[in-house]
Structures are given as C-alpha cells and as structure tokens.
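Trainee: Assemble the whole structure, with the sequences as input and the hints as a guide.
Heads up: the protein sequence lines correspond to chains A and B, in order. Using the numbering used here, read the first sequence as starting at 1 and increasing by one per residue. Using the numbering used here, read the second sequence as starting at 448 and increasing by one per residue.
Hints may contain errors.
[As the list claims (entries may be wrong)] 25 Å max Cα-Cα, derived PhoX-like pairs, lysine-lysine:
(1) A:LYS76 / A:LYS104
(2) A:LYS201 / B:LYS648
(3) A:LYS104 / A:LYS306
(4) B:LYS449 / A:LYS376
(5) B:LYS449 / A:LYS18
Treat the hints as calculated values from the structure; they're not laboratory data.
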Amino acid sequence: MASPAQLAGYASDALGYKSYRPDAVVIPADAEELVGFMQGARQLGVPVILRGAGTSLSGGPVAAQGGVIVHTSALKRILEINVEGFWCEVECGVALNDLDAALKPHGVFYPPDPSSGPVCTLGGNVASNAGGAHCFRYGVTSNYVLGVEVILLDGSVHRFGGPAGGRGPWREDWKRFMIGSEGTLGAFTRFWLRLLPLPEKVWTFRATYPDLRSIEAAIHALVAHSSYPAAIEMLDPRGVAMVERSQMACGLPEGSFMLLAEIDGPAVLVDARVEPVAQLLRRAGSKDVVFSDEDTLRQKLWKARKAAGGLLGQLSPDYVVQDAVIPKRALADVLQLVYDEADAAGIRAVNIFHAGDGNLHPNFLFDSRVPGELEKVELISERLMRRVIEVGGTLSGEHGIGNDKAAYMPLVFGPDSMRLQWAVPAAFNPTHQLNPLKVFGHRRFAA
Amino acid sequence: MKAIAPMQAERLFTPFLDAVDGTLCLPARANAADIHALVAAHRLRFPLLIDAAATLREHLDAATHAPASCRFGPYCDNILSVNWRLPCGRIARIGEHVVKTTTGYDWLRFLLHSGSRFGEPVDYVLRLRPDCGFNVVARFDGDGAALRDCVSRLLHSGWMHWWDAVDFIAEGAAASVRVTVHCPAEEAPIFAEQLTGVATKARARLTLKNDPPPSFDGLPDVIIKTTPDRAIGLANELARDAVRCEALAYHGVVHVHLRAGQDLAERAHTLMQPYLGELHALGGDWHSRWLPETPPSVTESRWIETLEHALHGA
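Mentor: Put into structure tokens, the structure is as follows:
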C-alpha cells in the first residue's frame, strides 16, 4: 500500500498525537513472504517497522524515520493447542482475545490481559512485553513465552526455545533479548506460549476511600494477604469524577479513591476467603465495600475502571499515558507530584492504574493544537520520570519505551549498563534498520 | 525537549528489605538461613530454595526452577535484578527494584543462568511472597498409572494455582508424587479434603503431614527442561541410572541426582546423549553444574562476540 489515504491509517499508534507517515505498508501473506521482504528491504536500505494492531501506547510501531511498515495481520493462525503440555503455538498476528476464545473450551488460558485484548496481537504483546490488570499475580508476557521464531534482517530464520521453553540447540537463551525488544531486533513470526488452567471462580471487590492514606493501607494489606489477589486496581478522585460526570456513572462518591480487587480459585477455597478480604478492605477505612461472584454484577463493579480509558478520549483531543512503576511505599509521594505539576501547568491529570504492581498510569489530557501544551506535558513527564527513578522505580512496566520514553533512558542506565543495552541491537541489527529511533533515541538508521 | 545528560556512575543496589513490596537485596553468597533471618519477622518468604546450605549463586548455577516454581515461576521470574561484576571488574546494575519492567533489553534473564561466562552476580534482588504460616506435604503412592492420574488431576484443575509444588519423584524402580501446600492453618482442612479426593479418584494411597519441618531436595547434578507431558516419562527413564529424579510436573523440569563419585561430569554427559535430539526439537535443554562450558554454535558466536565486547568494557 502506498496511497496517502491508506498510509494515513498507519501514521500513529494508540499514543495518537505523534504521527509519522510511512513511505509504504506491506502485508505479507505468510512467513515465507516476510523472509523475502526482509531480504529485499536490507538490499534497498529502507527502515522496517513491524506492526500488529497498532495499539501500542508508547509510539512503538510507527515510521519515526520513514520507511516501510510491515503489517503482520495475515499471520493469524493458531497452530496447536497442547492441553497436556500446557502450551500453544500461534502466529504473531493472532489477536489476544481470539486466542483466549480458542483456549477456553480446553479449560486453559493465557494470562497476560492488556486492555486492548479484543484487537491487540500477540506479536505486539511479545514485542512490548505487555501486562494487564491481572498481572499482579499472574505476571507479564515474558513469564509466558516459551519460544520465539524470528526472522533477522538478513532473512535468516531462527527458533529460540519452543514448546519446552528452554534454549533449544543454542548455548545462550536468546529469546530473553527478543521479548520486549519492540521490533528492534527481528521480525517475529510465531510463538510458543505457556498456559494455565482456568480459575474455577472469581470474586470481584470494589471499595472507595476518602483519602490516599487509607487506600494505600488497603493496597498494602491486600498485597500481603494469603488470598493472593489476581488484580488490585485503583482510580483516583479525578478519574472517579470523570466517570461520574459521564453516561457511565455508577454512583461512586465524589472525591473518593476507588479500589478494585479480584480473587480467584476453586469455589470452596475462594468462597472462604471472601469475608476476610471484605473485612480487610473495611478495616482500611472503606464504608462501601461491595463484592460479587456473579458475572453481570462483576462487570458492573469493573464498569468505572473499564469506562475510564475510553472517556479520556472523549474529554480531550490528545492524551499521554505514562507507565512508570514505583515501589508501593512511594505511591502517595509520586501521585502528589503528578497533581502538583499538572495543576501548576493547567494540564488535567487522571490516574487509573495497577496499584498492586505499583504500575502507575497517569494520563495527561491536552490539545496538541494549542501552542505550548505538548511542551508542558513533556516537562511534567520528565519531572515525573526523574522522581520515579529517585524513589527506586522505572520508566515502563508494560507499555514499552517506543519513541515516547526513549529520551528518559539516560535516567536509568549508568555508563556500563548503557553500553550493555546498546550491545543488543549491535548484535542483531547493527545498522538500526529495524524500528529506528525507538527504545533509544539515538538509534538512527544510516542507509 | 532538551536531551538528558548521560549518568556518570551506575545506580548500584545496596542491601535492603522492602517489606511493603516484598523485595530483598542481599549478597549472592547468602543462603537459606540468611534469607530466613532477614524476612521471617515480616511474614515473608522466598519459596524457591532447594538446598539448605547452598548459596543463592550456587542455586542459580545448578538450576533454573525449584519445586515451588509450580506456583511462582522459575528463578528468573523471582529475581528482579542483580549487581553484576563484569569481566572487566566493574560492577553494573542489571534490572530494577520493582516487580515489573519493560525498560530496555532483558539482560537480567539472559545473564542469570549464564554461569561465569559473562561475569558474576554480586547481589541479588529477590521477590518475596507472603508467609501464610502453615505447610501441608502430601505423598501419593501407587502404580505408575495411578501416579500419572494423580498428577493430571492435580494440574488440570483450578486447584493447580494453589499447589506450591507438584513433583513426581522416581528413586530406582520406586515412584511417588509429592504435593506441597502453603496456606493459613485454617485453610489446611480444605486442601486436605481436596488431596484426599484426588487420591481416591486416582486409586492412590495418600499420606498427609501437617506443618512438617522444612526439607530440601538438594542441588541437582543434572537439570533437564522439556515439556510437562514428557517430564514424568523422562524422570522414570533417568532414574534407572541415578539415585533420584524429581520431575517438577507443571514446568516439565527434571532434576537428576547422580550417585556421588569422581566422574560426575562424564556420567552426566553420557546420561544425556540419547535425549539431545528430542530435547532440541522441543526447544528444551539440559545442564549440569559439573560440566565445563560448551562451545557456542557458529551462528551465535558472532552475537556473543558483540556482547562480550561490551561486557569487557570496550
């Protein structure tokens, strides 16, 4: 594809406000065609950007230095589901929820659950080491990838790992570098993924708190509780207000912090844990703990959390969502910085995040058409990232770095660890032809 | 946006215990007693220890999984970061203090089980888990079919998430299945009832021990990573030439303990030769702490050379 109308759809990812028109888009029919394309692209000397559904929130699968976007949507076969071995083999273009639907009748599931599940592809998930609401107990994508098939820029095809999840015939465990590499090392074609038995029963809890101190106490108590919650989510008062002033209102008290938690397990076990968890939430200061194991009611409890993401887009032409992870003891400190900085700059900030992991998602709402607004958001983001690193946190927990956070990488890596970071693309993609200007801003392709 | 100046020094870890996040930084020479002494008062535990005396470094050189990986995943999912001594002698920080990161390429998982090829660990940051205060250890005995049925029933249900360990243990011609449960004391009867039900349905004999003293299998001489459906068969086959094999059933890992002697490296090598083709085809592997490093393949030599250039501080 090369017409302007066709290319427009590939100019940005879910980050939205940064767009880069690619020179062309190709959709290979299968892995063999992709091998041919990679060889051709190397000879032509054009940047190559791999892209799944384009739901990245970090400016990952975009043509920041021009070039050709490879859309892997045609590689969407689920090749094998091996229930006895707890693994499946899938092509990179399979949508996450399609895999879930295929696994469910077998009584197994693949745990990572980013909110873009209905459309995001497993290729994008592996490339960005995606997470999701239930990663507090179940872990992120890298915990579940047993093997990766990769096409390198020279067209060579390699399998790192496989159904057994080891090194295969290699001395080193190369798949470790591939997972989370954001399309900078090679083109993924297929994966072997680890599966778990489906939990038998789920209880969802929702509680609101009048202040940050009390919800923080609830979070700290939950993470140490023997029920091992699968998810611990939080919506701040600005998020609650946004939901309550919309058609998605669900009766949350104005000015409150909302906590959402989920426990799962065999019915006889998890039912016995319900009251202790409810008491824990009440002891921390909530007067409106509600919980249910009934699907329709559970969906209602999740309503505010799920609606909040969509409402951001209605409220503002643009928004940036950050993805920092912090030690949980620093939660109040870092949230206060978000409020202070955003208020001082006149930028709206809403926090919707994975509290159990300390994985913050402050959303900064702005209008990129208004001169100076983007610069304000960038300044707030830089101050936030500096504070995150000071308290022992990191830049990204599940979205990846892309080009959105590449500028902050010098805050994280010292001279030796930075040299190690650079050595990885130097081994697999030394000219930076694959996804240039991502992860590290200086990764520029020189044809 | 102005470019951020590069850092002049590494942000190395100093030993810490973060009881809220459940993270602990301590030297690579620490052992089970050291960890217990630091975390027990906070009702936390590090469940992946398999030898009472061995250091953390020795654990990671010998194995990639422990029995409790059934519930908590392999070591690489439970070690968050390291201070790593590079071959040039300087120390670099690899990984993060927090439980989740996608910041940069994953050197941590690449290095954790690399022996001494690329340097060595100085300190580890461990992810701890809540200590619920009570253990139940179940032993299932029976014929081969009954034990396989037990393992299948234990793993293929929602209960699987709550077993700390489901291990098939082969000693010569004898075999058993061991299940470890870690829970609050008041939940122990619920688990006991479920285990009893599994034994009845599988026609196996069950022995339950409530809160026995901690016991350790010891570091294995050989570890094998295969698929879960292949692990029990492999443990049975290898047990003929070993003292004991433990198949960590969910992850498809087999720990082999050889008879003590002078020629462990040779015996480990010989033992594994018939299985190499099968393992490689499945994307599996094997390793023995007694064997010298194997040479890399031609293809990966080029990649390793580039990495070594950086690791040596060039």
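Trainee: Each hint: holds or not?
Mentor: Against the structure, the hints:
1. A:LYS76 / A:LYS104: Within the cut-off at roughly 18 Å; holds.
2. A:LYS201 / B:LYS648: With Cα atoms ~22 Å apart, LYS201 (chain A) and LYS648 (chain B) stay inside 25 Å; holds.
3. A:LYS104 / A:LYS306: holds (22 Å)
4. B:LYS449 / A:LYS376: Holds, at about 13 Å.
5. B:LYS449 / A:LYS18: Holds: LYS449 (chain B) and LYS18 (chain A) sit about 18 Å apart, inside 25 Å.
In terms of the numbered hints stated before, the structure departs from none.
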